[in-house]
Amino acid sequence: MYGRIGLVLIALVAALVWFLPSYYTGLLTQIGLYALVTIGLNLFMGYAGQVSLGHAAFFGIGAYTSAALAVKAHVTPWAGMIAGAIVAALIAYALSFVALRLRENLLALATLALGIVINVVFNQWEFIGGSSGFKDIPPFAIGSFAFDQRADAILAWVLVAAGIWFAGNLVRSTFGRALIAISAGELGAQALAVDAERLKRQTFVLSAVFAGVAGSVYASQQSYIDPGSFSFLLSVNFVLMSVIGGLRSLWGAVIGAAIVVVLGQLLQAYVPVFLPSARGDFQQFFLGVILIAMLILLPRGITSRFSEARSA
Amino acid sequence: MMASLWQYVLAGVVVGAIYALIAAGFVLIYQVTGLINFAQGEFAMIGAMTAASLATNGMRPLEAAAIAVAVAAVTGAVCYVLAIRPARASTGVTLIFITLGLDVALRGLGLFVWGTNPLSLNAFSGGASISVFGGVLPPQALWVLLTDVVVFGALYVFFRHTYAGTAVRAAVANPPIASTFGIPLRTFAFWSFVAAAAIGGLGGVVVAPITSATYDMGLTLGLAGFVAAVLGGLDSLPGALVGGFVLGIVEKVAGGLLSTGWEEGVGFLILVLVLVLRPQGLLGRAVRRA
Chain B
1 MYGRIGLVLI ALVAALVWFL PSYYTGLLTQ IGLYALVTIG LNLFMGYAGQ
51 VSLGHAAFFG IGAYTSAALA VKAHVTPWAG MIAGAIVAAL IAYALSFVAL
101 RLRENLLALA TLALGIVINV VFNQWEFIGG SSGFKDIPPF AIGSFAFDQR
151 ADAILAWVLV AAGIWFAGNL VRSTFGRALI AISAGELGAQ ALAVDAERLK
201 RQTFVLSAVF AGVAGSVYAS QQSYIDPGSF SFLLSVNFVL MSVIGGLRSL
251 WGAVIGAAIV VVLGQLLQAY VPVFLPSARG DFQQFFLGVI LIAMLILLPR
301 GITSRFSEAR SA
Chain R
1001 MMASLWQYVL AGVVVGAIYA LIAAGFVLIY QVTGLINFAQ GEFAMIGAMT
1051 AASLATNGMR PLEAAAIAVA VAAVTGAVCY VLAIRPARAS TGVTLIFITL
1101 GLDVALRGLG LFVWGTNPLS LNAFSGGASI SVFGGVLPPQ ALWVLLTDVV
1151 VFGALYVFFR HTYAGTAVRA AVANPPIAST FGIPLRTFAF WSFVAAAAIG
1201 GLGGVVVAPI TSATYDMGLT LGLAGFVAAV LGGLDSLPGA LVGGFVLGIV
1251 EKVAGGLLST GWEEGVGFLI LVLVLVLRPQ GLLGRAVRRA
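Respectively, the protein sequence lines represent chains B and R.
Position 87 of the first sequence, counted from 1, bears residue number 87 in the numbering used here, the numbering being contiguous throughout.
Position 9 of the second sequence, counted from 1, bears residue number 1009 in the numbering used here, the numbering being contiguous throughout.
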């Protein structure tokens, strides 16, 4: 089912981009890339029951890897995307030995800290551009066709469909059920011969791969990146997308990303009409309130409504 | 070289004193509720912004400071009643996300109310810089250190020498048994938020003359505050004091020797090391697997 809906989604995006003005096409790409990160995050947070406040770092690692390869060594973005995924995976693997020994509160703190340390490295490492980042990152290309906004949007949603298809199969396998067992209680899962430590590590690395791939596409699509694009606030936004859509839902990741991006744009456009003094990232206020309200009123996310209705 | 190193240490003592105040708020809430309040830094922002905007409109500094601390305390109370209490039955991760939402919402609120421009607050007393063994401290540094002495002194007296403080310690040591003795855990949770917010707000007020006040100052302060809290031990108020000063000094010295851009990175590297090597912190007692 995940595969078929994914194909429909790709077709829909491919049709939409011919009608939409380029601004909306850009938003569509952004939603797709954020959704990809959130799908990975949902595997780690929703299914395995862990928490990460640092996934913007993996998104950034993917972006920086492919940008550095493309700008410094003229490697094609396709290879850069694979390299971005691999580097994000390796770093996640190394960090997992630090972070995954911890639980809940302390895991949240550790991932947050690691995310910020990585951002400081982006800022300070002159080889990758320091605080000014990279510009003129080349676009994806097939033969002599360099990707425009439309092609980028389609690429992003092909990746979303592939990600959902893969993650969907994963969560219905033994692996996915073992993850759910871990989230219900690590001790209990271990009693059922689930190697919790190993599965958590694999899921963490996998979620970093999702973020790394999304980040490398982001770099080529934007053609410009700097450390500010991968800050703690983006990590918080990923959590927001995850929670709003429903932590333990793959389509929820897509819906959550769409809601957060679209709502952010709407608030930016319409709140100043009523409150002329509103400037800057004020939409964060509403997003924060929505996050709290969701967690109190609908802790399993918007998609939990659908599944409850279906099973009722 | 030695002279500039000493100057970095002095600068570290000043920021460390602020970190200690924020950390004290984390520890209070963590001890009583087992919750890490990611919004702690925003209370400092609210204190600083309120005081600065009142003073800019002509209010006397001391009155502005008192009102600012009260505003921060009320914010803490509202946060607890609207966001934390309704979700108190939730699991740990949900509560983490809720305080994260509070952080984001309060920062957005600050942006609404005060805009993006930094506000300045005059130092509480004028006068020349103070010379300490060849290093220099701004006059405001004395107020910052005095605040630490007063706040931590008051906390010490409260927890060691009052009936209510002893009851809170009992509640921290063993919630179910304390509860059977009629100790109102939920009321304590409420007051821990109020106290933490007031202390955080006070920290913001005293730091504002040094750094000036902006709507987004809470994030940096909050992050530094919980590095300090974890470093000292999340369940130890003396730990918050020690952690604050250690972090402040290490940050400023590392920033001075490397470059200021590394300051934050060094702090978080310390956090990661502590979490891995000594999760109970320098002065903490036991690891609470919350």
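Quick caveat, the hints were computed from the structure, so don't treat them as lab data.
By construction, the Cβ of each residue, glycine as well, lies at the ideal position given by its N, Cα and C atoms.
Be aware that a few hints might be false.
As the list claims (entries may be wrong) - Just the calculated beta-carbon pair ranges, DEER-fashion:
id	chain 1	residue 1	chain 2	residue 2	range
1	B	188	R	1169	41 to 47 Å
2	R	1060	B	127	16 to 22 Å
3	R	1094	B	93	55 to 61 Å
4	R	1159	B	24	28 to 34 Å
Stated by the list, open to error - Sample of chain R residues facing chain B (criterion: CB under 10 Å; computed from the structure):
id	residue
5	1053
6	1062
7	1066
8	1067
9	1091
10	1103
11	1109
12	1111
13	1115
14	1119
15	1155
16	1157
17	1158
18	1264
19	1270
To be verified - Covered by chain B, per the in silico footprint, the following chain R stretches (three or more residues, Cβ under 8 Å):
id	segment
20	1135–1143
21	1161–1168
22	1219–1230
A quick look at each hint next to the structure:
1. For residue 188/B and residue 1169/R, the hinted distance range of 41 to 47 Å is not satisfied, since their beta carbons lie about 34 Å from each other.
2. Residue 1060/R and residue 127/B have their C-beta atoms about 53 Å apart, which leaves the hinted 16 to 22 Å range violated.
3. Distance hint check: the CB atoms of residue 1094/R and residue 93/B are about 28 Å apart, inconsistent with the given range 55 to 61 Å.
4. Taken as a hint, the range 28 to 34 Å is violated for the pair residue 1159/R and residue 24/B, whose Cβ atoms sit roughly 58 Å apart.
5. The closest approach between the C-beta of residue 1053/R and any C-beta of chain B is roughly 13 Å, which is over the 10 Å cut-off, so the hint fails.
6. This hint is violated: residue 1062/R has a C-beta 29 Å from the nearest C-beta of chain B, more than the 10 Å allowed.
7. Of the supplied interface hints, the one on residue 1066/R is violated, with its beta-carbon coming no nearer than about 27 Å to a beta-carbon of chain B, more than 10 Å.
8. The interface hint given for residue 1067/R is violated, since its Cβ lies 22 Å from the closest Cβ of chain B, which is over the 10 Å cut-off.
9. The interface hint given for residue 1091/R holds, since its Cβ lies 8 Å from the closest Cβ of chain B, which is under the 10 Å cut-off.
10. Residue-level restraint check for residue 1103/R holds (minimum Cβ-Cβ distance to chain B is 7 Å; threshold 10 Å).
11. Taking 10 Å as the C-beta contact cut-off toward chain B, the hint placing residue 1109/R at the interface holds, the least distance being around 5 Å.
12. Annotation: residue 1111/R was flagged as interfacial toward chain B, and the flag holds, the nearest CB pair being 5 Å apart, inside 10 Å.
13. At a threshold of 10 Å, the smallest CB-CB gap from residue 1115/R to chain B is about 6 Å, leaving the interface hint in force.
14. The beta carbon of residue 1119/R is not positioned within 10 Å of any beta carbon in chain B (closest approach about 15 Å), and the interface hint is therefore violated.
15. The closest approach between the C-beta of residue 1155/R and any C-beta of chain B is roughly 22 Å, which is over the 10 Å cut-off, so the hint fails.
16. With a least beta-carbon distance of about 29 Å to chain B, the hint placing residue 1157/R at the interface is violated under the 10 Å criterion.
17. Because the smallest distance between the Cβ of residue 1158/R and any Cβ of chain B comes to about 25 Å, over 10 Å, the interface hint for this residue is violated.
18. Interface hint at residue 1264/R: satisfied, since its Cβ lies 6 Å from the closest Cβ of chain B, which is below the 10 Å cut-off.
19. Restraint check, residue 1270/R versus chain B: the minimum CB separation of about 9 Å is within 10 Å; hint holds.
20. Proximity of the segment 1135–1143 of chain R to chain B, defined as three or more residues with a beta carbon under 8 Å from a beta carbon of that chain, is not established by the 0 residues found.
21. Coverage of a stretch by a chain is defined here by at least three residues with a beta carbon nearer than 8 Å to that chain's beta carbons; for the segment 1161–1168 of chain R and chain B the count is 0, and the condition is violated.
22. Coverage of the segment 1219–1230 of chain R by chain B holds [criterion: at least 3 residues with CB-CB distance below 8 Å; count 5].
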